[in-house]
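Quick mapping for you: the protein sequence lines, in order, are chains A, B, C and D. According to this note's numbering, the first sequence holds residues 1 to 240 in order. According to this note's numbering, the second sequence holds residues 1 to 240 in order. According to this note's numbering, the third sequence holds residues 1 to 240 in order. According to this note's numbering, the fourth sequence holds residues 1 to 240 in order.
The hints are simulated quantities; they were obtained by calculation from the structure and are not laboratory data. Nothing here was measured: the structure is a model prediction, and the numbers come from that model. Treat the hints with care, since some could be wrong.
Cross-link-like lysine-lysine pairs, in silico, DSS-like; alpha carbons within 27 Å at most [unchecked claim]: (1) A/Lys-2 <-> A/Lys-153; (2) A/Lys-49 <-> A/Lys-109; (3) B/Lys-153 <-> A/Lys-2; (4) D/Lys-95 <-> A/Lys-7; (5) A/Lys-2 <-> D/Lys-49; (6) C/Lys-7 <-> B/Lys-95; (7) C/Lys-170 <-> C/Lys-157; (8) B/Lys-2 <-> C/Lys-49; (9) A/Lys-7 <-> A/Lys-49; (10) C/Lys-170 <-> B/Lys-7; (11) A/Lys-2 <-> D/Lys-95; (12) C/Lys-2 <-> D/Lys-223; (13) B/Lys-223 <-> B/Lys-2; (14) D/Lys-223 <-> C/Lys-223; (15) A/Lys-223 <-> B/Lys-7; (16) A/Lys-109 <-> B/Lys-223; (17) B/Lys-206 <-> B/Lys-157; (18) B/Lys-153 <-> B/Lys-170; (19) B/Lys-223 <-> A/Lys-153; (20) C/Lys-2 <-> D/Lys-153; (21) A/Lys-153 <-> B/Lys-206; (22) D/Lys-206 <-> D/Lys-2; (23) C/Lys-153 <-> C/Lys-49; (24) B/Lys-49 <-> C/Lys-153; (25) C/Lys-206 <-> C/Lys-2; (26) D/Lys-223 <-> C/Lys-153; (27) D/Lys-95 <-> C/Lys-153; (28) C/Lys-206 <-> C/Lys-170; (29) C/Lys-2 <-> B/Lys-49; (30) D/Lys-86 <-> D/Lys-157.
Number of protein chains: 4
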Amino acid sequence: MKVFIDKDYHALSERAAGIMLSEMTRDRRVNVSITAGASPVGVYERVIKALGGANEGAKATAFDNVHYYNFDEIDIPGEERGVTRKALDEGFFDKARIPEERIHTLTCKNWQSHQAAVEAAGGLDFMLLGMGGDGHFCGNMPGETRFAEHIYKIQVKPEYPWYEAFLQMKITPTPTFFVTMGAAAIMKVRRLVMIVNGEGKAAVVKRFFESRVTEEFPSSVLKLHPNFTLILDRDAARLL
Amino acid sequence: MKVFIDKDYHALSERAAGIMLSEMTRDRRVNVSITAGASPVGVYERVIKALGGANEGAKATAFDNVHYYNFDEIDIPGEERGVTRKALDEGFFDKARIPEERIHTLTCKNWQSHQAAVEAAGGLDFMLLGMGGDGHFCGNMPGETRFAEHIYKIQVKPEYPWYEAFLQMKITPTPTFFVTMGAAAIMKVRRLVMIVNGEGKAAVVKRFFESRVTEEFPSSVLKLHPNFTLILDRDAARLL
Amino acid sequence: MKVFIDKDYHALSERAAGIMLSEMTRDRRVNVSITAGASPVGVYERVIKALGGANEGAKATAFDNVHYYNFDEIDIPGEERGVTRKALDEGFFDKARIPEERIHTLTCKNWQSHQAAVEAAGGLDFMLLGMGGDGHFCGNMPGETRFAEHIYKIQVKPEYPWYEAFLQMKITPTPTFFVTMGAAAIMKVRRLVMIVNGEGKAAVVKRFFESRVTEEFPSSVLKLHPNFTLILDRDAARLL
Amino acid sequence: MKVFIDKDYHALSERAAGIMLSEMTRDRRVNVSITAGASPVGVYERVIKALGGANEGAKATAFDNVHYYNFDEIDIPGEERGVTRKALDEGFFDKARIPEERIHTLTCKNWQSHQAAVEAAGGLDFMLLGMGGDGHFCGNMPGETRFAEHIYKIQVKPEYPWYEAFLQMKITPTPTFFVTMGAAAIMKVRRLVMIVNGEGKAAVVKRFFESRVTEEFPSSVLKLHPNFTLILDRDAARLL
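Input sequences plus hints: build the corresponding full structure.
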């Protein structure tokens with residue numbers, strides 16, 4: 001684990017975007033898995049700009065080797081795209097004009113075959129992820145997660161920190177389960193970058209450093225990944 | 001995790017030796033970490049033969065690129081070499097005539113700097129390991145291990161399955177602690193092969209497949225390694 | 001470059017098969033590219049046996065993660081399968097009962113899109129190849145090859161050492177060109193093993209060691225590959 | 001080969017520095033090899049700033065895992081440091097306050113053992129290099145280079161483009177040879193980034209794209225590297 005404490009959100013975003021772009025710069029297919037949510041907005045802003053600006057006169061092709069994956073999903077009944085995919089569309093794919101054939105969406109329908117599809121494409125090269133206030137990462141919830149799983153179903157429970165936000169989406173009927181990549185799948189990703197910012201995360205960051213590796217505190221397993229970079233801003237690192 | 005069930009100890013040894021030799025065949029330094037004990041005798045027999053027989057007329061140099069590491073150690077008071085190193089000398093190093101400059105011994109004296117030394121040499125490429133009847137691997141004991149550790153000290157306790165054998169060595173004064181590579185260090189090894197043979201291991205093998213990833217059953221963490229091969233003989237696989 | 005001189009064809013085949021099987025033993029898709037011809041017969045014998053014998057009671061699935069690729073092809077007018085594919089069917093695929101969905105055939109029809117297909121599947125992990133008496137490898141012919149090419153078309157010429165054998169196949173009309181992976185594509189393969197056996201190859205082996213890296217002697221470029229193992233028998237190494 | 005054409009030197013430097021910093025961000029030893037000269041000034045400016053600014057309160061340690069290597073050298077009689085090392089001191093090491101124990105200098109004295117030292121440290125992870133107006137890279141001169149060499153001696157000749165600049169250094173007695181990493185060693189570096197800027201390089205860049213892979217035009221061999229990024233500014237790309 002490599003840890004950086006950057007002075008603010010701007011610096012954190014700069015650092016994470018630099019690594020993401022570097023990993024995308026290869027003369028072969030690159031598979032990246034990215035997170036939705038508020039934390040990566042600054043990263044995506046920079047990456048979207050770089051995607052548009054690369055190779056003057058060849059804008060559309062410079063990063064055409066990059067394929068994109070989500071790592072968890074809640075399906076919306078009657079709609080083709082779920083909660084995560086929609087958030088990624090809005091936050092990244094639409095702005096970066098990523099064509100559909102380079103987006104490989106994990107859903108509550110394809111979850112049993114998705115890991116095989118990822119591996120048939122050479123595996124994931126890079127993942128950008130965040131940490132929940134309860135220590136969850138991807139959809140791996142405290143106590144519910146099974147580290148040995150690759151991709152699995154998990155029940156929606158009222159005790160999850162995102163449950164309120166989830167209810168406010170007014171999805172009908174309310175989904176009862178979602179899908180996520182588990183720790184076994186994440187350990188196969190060649191490079192992980194986790195960004196955590198803001199005072200609201202200071203307590204969970206402290207807990208992360210102190211916690212034993214246990215399914216009760218899912219993010220703890222990331223300490224075992226051989227190529228994991230944790231980027232904090234000063235606010236998130238306040239209790240260290 | 002890739003699992004093989006071979007028909008007997010001979011076939012298991014053949015398979016593991018083939019992988020070990022393949023990993024040693026590179027045009028660069030290769031760092032391998034190997035286990036003492038009874039299980040690998042058949043593997044070492046084959047590897048020792050290959051080391052002696054490679055390149056007729058150039059026997060001494062064909063695998064000179066390979067460096068060796070142990071992964072745990074109990075020091076013997078007043079002696080330079082500990083329990084593990086002596087067992088490896090007898091089981092492998094002496095027979096294969098590995099010169100001292102290519103053996104990098106972890107001891108109860110150098111354990112705090114050893115991980116840095118491993119990494120300064122490019123990290124471990126390959127590790128051959130076994131599983132204890134209680135689910136321990138290397139010196140990572142149930143309940144005592146901390147997965148997040150790289151190399152750490154652990155107390156000798158009477159409840160360990162090897163305690164009787166340990167007392168019979170009549171080391172005076174009786175060592176109170178030993179050192180081992182922990183899960184965080186093992187997750188950085190590029191390729192792991194674990195061999196488990198014999199009916200006596202059937203119960204722990206069954207437990208391995210059923211267990212959640214937990215420090216109470218240390219080997220469970222190996223399910224998270226991205227390049228892990230488990231080779232069983234039929235006896236060890238009897239309860240699957 | 002790592003060089004082994006084995007005492008005979010049996011030992012050479014044993015060593016190459018050991019490496020090939022080791023590379024195939026992974027918990028993920030593995031892409032291997034293999035050569036037709038007489039030299040690998042001994043290797044395939046061993047690999048075919050291992051494919052059949054792995055996991056008693058699970059014979060069909062132990063190496064289901066392995067996908068196969070040819071690296072050159074001469075199409076046969078009016079037939080679906082070309083010269084190389086037919087030879088591989090006979091020498092390996094049929095005997096090992098590899099299902100069609102795990103064989104990815106390069107042909108004179110798909111050569112322009114094949115490299116992209118290889119890369120979309122994560123690239124080649126392993127290639128087993130031989131060396132021609134004129135220093136060619138794959139279909140890279142002396143003076144005709146362009147090292148910078150990935151996959152390209154090359155004209156059939158009477159001066160090629162295999163031209164007589166080619167005419168005796170009595171393909172009508174006689175093909176005027178064939179396709180091959182070039183050096184740029186071969187340099188991307190993660191591990192290369194070349195086997196060369198028999199007195200008839202002694203002169204070209206000597207030339208290989210003495211040659212500068214030049215398109216006039218195609219195999220010379222393999223000296224630049226970072227993970228290349230050359231396995232000779234004593235006869236082939238006679239002039240070294 | 002991945003090619004970028006950036007709009008100016010600023011953008012080119014930004015892109016190359018981003019990749020270099022990303023490669024340096026690992027939880028293990030990282031070995032980087034860097035070039036002297038005018039082209040990388042903008043890259044080093046950014047990297048030096050990042051080295052100073054990482055981890056507020058922990059400035060000295062954030063990139064302590066990074067070790068540095070030069071790839072060619074002309075010794076200066078009577079002095080410990082040669083031409084390249086002095087230029088790197090001035091351009092990078094002094095400003096970034098890299099301690100001597102993390103600088104591993106290739107010299108005309110240690111060149112025969114240096115490759116082994118590089119490999120004993122795990123090999124080079126990253127190299128930043130430039131291209132000469134005559135197509136040379138590192139000290140690999142047209143017609144004089146031998147691609148199959150790892151590190152070798154090469155004679156100083158009046159026809160080299162840098163000969164005038166070299167004479168003006170007034171080294172006495174004038175060195176008659178220098179040392180450089182050759183293509184075989186460069187092919188083992190895990191990631192290569194070459195930066196080429198300015199109108200003066202437009203002709204050689206055009207030649208690079210058109211040239212066959214040949215020792216007469218040394219940079220041509222880089223087209224064979226599996227992880228090579230070429231970053232040009234618009235001026236250098238003017239003739240493409």
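Hint check:
For the hint linking A/Lys-2 to A/Lys-153, the alpha-carbon distance of about 31 Å lies beyond 27 Å, and the restraint is violated. Using a Cα cut-off of 27 Å, the hinted pair A/Lys-49 and A/Lys-109 is violated, with the two alpha carbons roughly 33 Å apart. Restraint check: the Cα-Cα separation between B/Lys-153 and A/Lys-2 comes to about 23 Å, which is no more than 27 Å; the hinted pair holds. For the given pair, D/Lys-95 sits about 22 Å from A/Lys-7 by alpha-carbon distance, which is consistent with the 27 Å threshold.
Proximity of A/Lys-2 to D/Lys-49 is assessed by CA-CA distance (about 19 Å); at most 27 Å being required, the pair is judged to hold. For the hint pairing C/Lys-7 with B/Lys-95, the CA-to-CA distance comes to about 22 Å; that is within 27 Å, so the pair holds. A distance of roughly 16 Å separates the Cα atoms of C/Lys-170 and C/Lys-157; the hinted pair therefore holds under the 27 Å criterion. With a CA separation close to 19 Å, the supplied pair B/Lys-2 and C/Lys-49 stays within the 27 Å bound.
Between A/Lys-7 and A/Lys-49 the CA atoms are separated by roughly 23 Å; this keeps the pair inside 27 Å, and the hint holds. Between the alpha carbons of C/Lys-170 and B/Lys-7 the distance comes to roughly 47 Å, so the proposed pair goes past 27 Å and is violated. Between the alpha carbons of A/Lys-2 and D/Lys-95 the distance comes to roughly 24 Å, so the proposed pair stays at or under 27 Å and holds. Our distance criterion of 27 Å between C-alpha atoms is met by C/Lys-2 and D/Lys-223, whose separation comes to about 23 Å.
Distance check on the hinted pair: B/Lys-223 and B/Lys-2 sit about 10 Å apart at the alpha-carbon level, within 27 Å; holds. For the suggested pair D/Lys-223 and C/Lys-223, the alpha carbons sit about 15 Å apart, so the restraint of at most 27 Å is met. A threshold of 27 Å between alpha carbons decides the hint, and for A/Lys-223 with B/Lys-7 the separation of about 37 Å lies outside it, so the pair is violated. As the CA atoms of A/Lys-109 and B/Lys-223 are separated by approximately 26 Å, the hinted pair is consistent with the 27 Å bound.
At most 27 Å may separate the alpha-carbon atoms for a hinted pair to count; B/Lys-206 and B/Lys-157 meet this at roughly 25 Å. A distance of roughly 21 Å separates the Cα atoms of B/Lys-153 and B/Lys-170; the hinted pair therefore holds under the 27 Å criterion. Restraint check for B/Lys-223 and A/Lys-153: the C-alpha separation of about 19 Å stays at or below 27 Å, so the hint holds. Proximity of C/Lys-2 to D/Lys-153 is assessed by CA-CA distance (about 23 Å); at most 27 Å being required, the pair is judged to hold.
For a cut-off of 27 Å, the pair hint linking A/Lys-153 to B/Lys-206 stands: about 24 Å separates their Cα positions. Restraint check for D/Lys-206 and D/Lys-2: the C-alpha separation of about 16 Å stays at or below 27 Å, so the hint holds. For the hint linking C/Lys-153 to C/Lys-49, the alpha-carbon distance of about 35 Å lies beyond 27 Å, and the restraint is violated. Between B/Lys-49 and C/Lys-153 the CA atoms are separated by roughly 46 Å; this puts the pair beyond 27 Å, and the hint is violated.
Restraint check: the Cα-Cα separation between C/Lys-206 and C/Lys-2 comes to about 16 Å, which is no more than 27 Å; the hinted pair holds. Of the pairs offered as hints, the one joining D/Lys-223 and C/Lys-153 holds, with about 19 Å between alpha carbons and a cut-off of 27 Å not exceeded. Taking the CA atoms of D/Lys-95 and C/Lys-153, the gap is near 52 Å; set against the 27 Å cutoff, the hint is violated. For the suggested pair C/Lys-206 and C/Lys-170, the alpha carbons sit about 34 Å apart, so the restraint of at most 27 Å is broken.
Taking the CA atoms of C/Lys-2 and B/Lys-49, the gap is about 19 Å. The hint holds against a cut of 27 Å. Proposed proximity of D/Lys-86 and D/Lys-157 is supported: the alpha carbons are some 22 Å apart, at most 27 Å.
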